[in-house]
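2 protein chains.
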Amino acid sequence: MRNSPARPGLSERVLSGDRRALARVLTYIENDDPIGEAALERLFPHTGHAHLIGITGPPGGGKSTLVNELIRAWREQDAKVAVIAIDPSSPLTGGATLGDRIRMQEWHADPGVFIRSMASRRFGGGLARNVLALAHAFDAAGFDPVVIETVGTGQDEIAIASLAMTTLLVQVPGTGDGVQTLKAGSLEVGDILVVTKGDRPEAGELTRDLRNLRHVGMAAGVDQSGWQAPVVKTSAVRQEGIGQLIDAIGKHRAWLDESGELDMRNRQIITTDITTRVQDALARQLQGPDSGDATLRALVDAVAARRLTPHRAAADVLARLNRR
Amino acid sequence: MRNSPARPGLSERVLSGDRRALARVLTYIENDDPIGEAALERLFPHTGHAHLIGITGPPGGGKSTLVNELIRAWREQDAKVAVIAIDPSSPLTGGATLGDRIRMQEWHADPGVFIRSMASRRFGGGLARNVLALAHAFDAAGFDPVVIETVGTGQDEIAIASLAMTTLLVQVPGTGDGVQTLKAGSLEVGDILVVTKGDRPEAGELTRDLRNLRHVGMAAGVDQSGWQAPVVKTSAVRQEGIGQLIDAIGKHRAWLDESGELDMRNRQIITTDITTRVQDALARQLQGPDSGDATLRALVDAVAARRLTPHRAAADVLARLNRR
Numbered sequence: 000m001r002n003s004p005a006r007p008g009l010s011e012r013v014l015s016g017d018r019r020a021l022a023r024v025l026t027y028i029e030n031d032d033p034i035g036e037a038a039l040e041r042l043f044p045h046t047g048h049a050h051l052i053g054i055t056g057p058p059g060g061g062k063s064t065l066v067n068e069l070i071r072a073w074r075e076q077d078a079k080v081a082v083i084a085i086d087p088s089s090p091l092t093g094g095a096t097l098g099d100r101i102r103m104q105e106w107h108a109d110p111g112v113f114i115r116s117m118a119s120r121r122f123g124g125g126l127a128r129n130v131l132a133l134a135h136a137f138d139a140a141g142f143d144p145v146v147i148e149t150v151g152t153g154q155d156e157i158a159i160a161s162l163a164m165t166t167l168l169v170q171v172p173g174t175g176d177g178v179q180t181l182k183a184g185s186l187e188v189g190d191i192l193v194v195t196k197g198d199r200p201e202a203g204e205l206t207r208d209l210r211n212l213r214h215v216g217m218a219a220g221v222d223q224s225g226w227q228a229p230v231v232k233t234s235a236v237r238q239e240g241i242g243q244l245i246d247a248i249g250k251h252r253a254w255l256d257e258s259g260e261l262d263m264r265n266r267q268i269i270t271t272d273i274t275t276r277v278q279d280a281l282a283r284q285l286q287g288p289d290s291g292d293a294t295l296r297a298l299v300d301a302v303a304a305r306r307l308t309p310h311r312a313a314a315d316v317l318a319r320l321n322r323r
Numbered sequence: 000m001r002n003s004p005a006r007p008g009l010s011e012r013v014l015s016g017d018r019r020a021l022a023r024v025l026t027y028i029e030n031d032d033p034i035g036e037a038a039l040e041r042l043f044p045h046t047g048h049a050h051l052i053g054i055t056g057p058p059g060g061g062k063s064t065l066v067n068e069l070i071r072a073w074r075e076q077d078a079k080v081a082v083i084a085i086d087p088s089s090p091l092t093g094g095a096t097l098g099d100r101i102r103m104q105e106w107h108a109d110p111g112v113f114i115r116s117m118a119s120r121r122f123g124g125g126l127a128r129n130v131l132a133l134a135h136a137f138d139a140a141g142f143d144p145v146v147i148e149t150v151g152t153g154q155d156e157i158a159i160a161s162l163a164m165t166t167l168l169v170q171v172p173g174t175g176d177g178v179q180t181l182k183a184g185s186l187e188v189g190d191i192l193v194v195t196k197g198d199r200p201e202a203g204e205l206t207r208d209l210r211n212l213r214h215v216g217m218a219a220g221v222d223q224s225g226w227q228a229p230v231v232k233t234s235a236v237r238q239e240g241i242g243q244l245i246d247a248i249g250k251h252r253a254w255l256d257e258s259g260e261l262d263m264r265n266r267q268i269i270t271t272d273i274t275t276r277v278q279d280a281l282a283r284q285l286q287g288p289d290s291g292d293a294t295l296r297a298l299v300d301a302v303a304a305r306r307l308t309p310h311r312a313a314a315d316v317l318a319r320l321n322r323r
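First to last, the sequence lines map onto chains A and B. Each residue of the first sequence is one higher than the one before, counting from 0 in numbering that gives the first Met the number 0. Each residue of the second sequence is one higher than the one before, counting from 0 in numbering that gives the first Met the number 0.
Don't read these hints as lab results, they were simulated from the structure. Incorrect hints may appear among the rest.
Straight-line C-alpha distance at most 25 Å; calculated SDA-like pairs for lysine to any residue [what the hints assert, rightly or not]:
no., chain 1, residue 1, chain 2, residue 2
1, B, Lys-79, B, Pro-172
2, A, Lys-79, B, Arg-18
3, A, Lys-250, A, Gly-111
4, B, Lys-250, A, Ala-303
5, A, Lys-250, A, Asp-208
6, A, Lys-79, B, Ala-303
7, B, Lys-79, A, Ala-303
8, A, Lys-79, B, Ala-304
9, A, Lys-250, B, Glu-11
10, A, Lys-250, A, Asp-143
11, B, Lys-250, B, Ala-280
12, B, Lys-79, B, Glu-11
13, B, Lys-79, B, Gly-8
14, A, Lys-79, A, His-107
15, A, Lys-79, A, Tyr-27
16, B, Lys-79, B, Gln-104
17, B, Lys-79, A, His-107
18, B, Lys-250, B, His-48
19, A, Lys-250, A, His-107
20, A, Lys-79, A, Ile-241
21, B, Lys-250, B, Trp-73
22, B, Lys-79, A, Arg-305
23, A, Lys-250, A, Arg-296
24, B, Lys-79, B, Arg-305
Below, a sample of chain A positions facing chain B; criterion: calculated Cβ distance under 7 Å [stated by the list, open to error]:
no., residue
25, Glu-40
26, Val-302
27, Pro-309
Positions of the beta carbon are idealized from the N, C-alpha and C atoms, including for glycine.
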């Protein structure tokens, strides 16, 4: 086959808009197949255009419905929309949840929408790396925005905020007392706070409370970036709020550009990308029983025997790292 | 003061059971104060005795009540119990939640109980490192078990499983349909599944469903470790199930010892400890505007300009790391 007219490679086909090629690259990436990494090497120079939008909130919070409404609105503006739905469902239940499958069917015939469900895995070090790799592939294929959706309370929200340029934090009315809601929600990570199920009687009160809390936070100097997170109430039942939310997302994107904050967030996303890759590789080297690097494994042995502290082991790793 | 009779150092006082010294070390650690790291250097050789137990589940799932009942049962056996409650509450609400404060007051007079509430932070890379540092301090001070409690769905559960020897996964009856429950729960990470609020009418069905799911999972080879996770139904109202749960925890600990799995999990916890420290240090070096390491920052610049892929940047970091 040498010197025969080259069949376009996988990444070239992704760049030309071939959906099946894209799907294959995504699968290679998810399976940690070297073909995925090789394709990413070629795709990465074509990235840097997509708006990465994180959406997080409690389970049963109406996120899937909200994302569906957003897709519809973006499609009316002819945007190509990708969704990475991070799904903590058990391997026992077999991958994508029922809700995701229904949603995927709805948009299946539309080449301007690509929804990818992704299982979070045990010892999820690889998750951030994989999510960013998928986002790069979508970005190179011309999708913009790329939505990263997670069920989350606590660390999830924090994690997603370090992967996205704009983070939507979903809050649901009528799901508990105030203390619990506050405990579950890390308001700081939300660039935009979205109250879903706005037809519920408690929705107005929650919206007011969130607006007040936001003012308290601003006054206390909790958020010093200069962006004042809007609170948007939406209702799928009443078909309300999505236009406002699309506006808020656009305004945040414009603010990111004007304030220079976009550069900061991009550097942060890249730092996450590099450091999680390093961490994953380190964990493999340190833990693998057939690891090639005896030096690194010896560090774990020394710490396990209490001959070395984790602090000194990490310092040893870093000293070798910074040696020129 | 040179050559004067040495006043016992902070870590010596922790080792001798001084509760105020311990509290100070915990605060230094949480604030990333070098005094905390210095104390840990002296404390670490005295660790390796405590049973690290993770407890995770949805907000409002009755975890605080459950932990309280466990403390009571362990105190009857004269165990010294420490609890690290990871609290995703907003800085806006000011640290520990109401529930935590009530609980802390209840045990305040008992020197055999130490409850520490710890806020999860934005860009939470430091969280795992800090939780383990607190656990080391408690371990050195003679606390055993050390409970790590998080609100969590999704990544939280995965994260806690990599910090604990035994993980209790809390499931709550009557909080949603089956699909949602499964989506929210990552059953695999639970060494013991705990159904709280066992007085609710749906508790029996949930317990049965979880037992069935577990059998399906065993048959499918999802869990190949050889441990069959028990499902324990508890009720604080009826004062039921805690004895059974204490038994199940003891059995899991015995199994860890006999099967050799304890060594594996300890190596995994140490690996997490080292790699998160390296990752945190890398992130500071890569991102800090006044970072001393221009080489690392240049990598981020090159990736931001799309002259370098994240994969190659990480490979560059790792190559320098493995250079002898």
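| Unsatisfied constraints (hint numbers, rising) | When the structure is compared with the hints, numbers 1, 2, 9, 11, 17, 19, 23 and 24 turn out to be violated.
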